[in-house]
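Asker: Chains as they are written, first to last, in my numbering: chain U, 1 to 121; chain G, 1 to 412.
Please note: incorrect hints may appear among the correct ones.
[Said to hold, decoys possible] Okay, the calculated bits of chain U under chain G, using three or more residues with CB under 8 Å as the criterion:
{"id": "1", "stretch": "67-75"}
{"id": "2", "stretch": "81-89"}
[As the list claims (entries may be wrong)] Straight-line distance between alpha carbons at most 27 Å, and here's what the computed BS3-like set of lysine-lysine pairs gives:
{"id": "3", "chain 1": "U", "residue 1": "Lys100", "chain 2": "G", "residue 2": "Lys221"}
{"id": "4", "chain 1": "U", "residue 1": "Lys2", "chain 2": "U", "residue 2": "Lys108"}
{"id": "5", "chain 1": "G", "residue 1": "Lys29", "chain 2": "U", "residue 2": "Lys108"}
Calculated from the structure, these hints are not laboratory results.
Note that beta-carbon positions come from the ideal geometry of N, C-alpha and C, so glycine has one too.
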Amino acid sequence: MKKILLVEDDDHQRLLYREGFEDEGYDVVEACTGREALARVESDRPDAVVLDINMPGMDGLHTLARIHDLNRRIPVVLNSAYAAYKDQFVSWIADAYVIKSSNLDELKSIVRGVLARKTAC
Amino acid sequence: MTSSDWNATTLVMLLAGGEGERLYPLTKKRAKPAVPFGGLYRIIDFTLSNCLNSGLKRIYVLTQHKSLSLDRHLRLAWSLLHPELGEFVQTVPPQLQLVSRWYAGTADAVFQNLHLLGEDHPRDVLIVSGDHVYRMDYGPLLAFHAQHGADLTVACTQVPCAQATRMGVLEIDGEARVRAFTEKPASPVPLPYDPSRALVNIGVYVFETEALVRAVIADAKQTSRQDFGHNVIPAMVDDRRVYAFDIVEHRPPTERYWRDVGTLDSYFEANLELLLPEPPLDLFEGAWPVRMHSCQHPPALMRNVGDLEARAANSIISPGCVISGGSVLRSVLSPRVFVGAGAVVAESILMPGVRVGERALVNRAIVDENVVIPADARIGCDHADDRRQFLVTEGGVVVVPEGALIAPSDAP
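Bound-form chain U, shown alone (with noise of 0.2 Å):
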């Protein structure tokens, strides 16, 4: 069963997505925090990574490239309310970047092909 470590600091939100995500079959891990996400990336060694950009402390994008840092082969999927974000280079070493939406299905098919691709290789 794959793994994915849903980073997300609103509970309603959180809760939204791994059940979105637990429906599809994933093992779900959860950190509210940046530095929290980084915990559980060492300690769980999750297949995939969604990532909220915009939370207090440790942002997504800080947190993406730290991630990054631990573990180059970890796909991460941003996954934000706010477009502009884009316009920041580092946001483009996710493996891709989801505008937040209530409905699931485009988040849970590109999560779907990111862990395609990372099988793949």
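With chain U's structure known, arrange chain G on it following the hints.
Answerer: Structure of chain G alone, referenced to chain U:
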């Protein structure tokens, strides 16, 4: 477009972080770009002067190893731009912002500074090196890059195939599009129209900014040396628009001079080339000034001592030097060098503050800063003897490092 237009659309990243191992011991305490050259200059002054003379005034200098002397030099010599007008020469040592390591390679230095590109959002990024001595107007290169709609344009020159085995070799088609790029090939592919010569990379690149960002990120995800020549450029050749700008084809003879002064022998030869009757790099050309920093020194002085005449021929004698009854032949003297009575300095490079004692002989040597050569000493006259104390290069150049203590010739 004018030079100010290029400045508006182009950001310069000058790579100055290499360890400079092959120039050791000159790089024992200083970064390679900070190694003195041509008496008054540092190696980096040539690239920075090219930028300034081309109108490019937004320059990040990515530093790393032993950067103190380079930092100091940049502050003293290159604090002439106007930050309030958006001009700058800014050093950027590893910030450990994105990652927790030093710059692993040239491409990693850019990767670690993606945020700088994001702040400026230039159309193009000119990537240059602080390790080369050359004269180049970057304007025609930038125009060529724009005309071809290139993702990357690699500046290059032509060298004999035998020499190309030590360099990055480009294979191009009839439209100057790069079809292959091979670092240090055993059998370099020659030019289509000259089987004796190959086209080689001179470490000057223009990237369309987004292509650069994608390329360094893609490379950072691989296990690689994170180097432009070894990894990034070869990976771009197949699916991006990569073009070659041949300075022999596109530039006048005055701009075809380019030297990699990365080894002690090439550094030595490039210095002595300045002394030729028609030097390939003319420091006296007013239209292309090479800036440097020089402290306040009295003028160079040559004085006879008794019957011993002070002589200097085919040499660079910097301010503050005193030739006191000695002879200087085909040599480069940095400021504050003293040559004593009866001493002879021939085909040598003497860095600031070197003192050559009476009757000493210095032949085909590089003598680093503030070394005191005692009276009657012999350097470069007997390599077996020289090797007991100093490094002697393949080309037969003796290198006397900073801090060397040289015993007088009559010492036990």
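Asker: Any hints this thing doesn't respect? Which numbers, in order?
Answerer: 5
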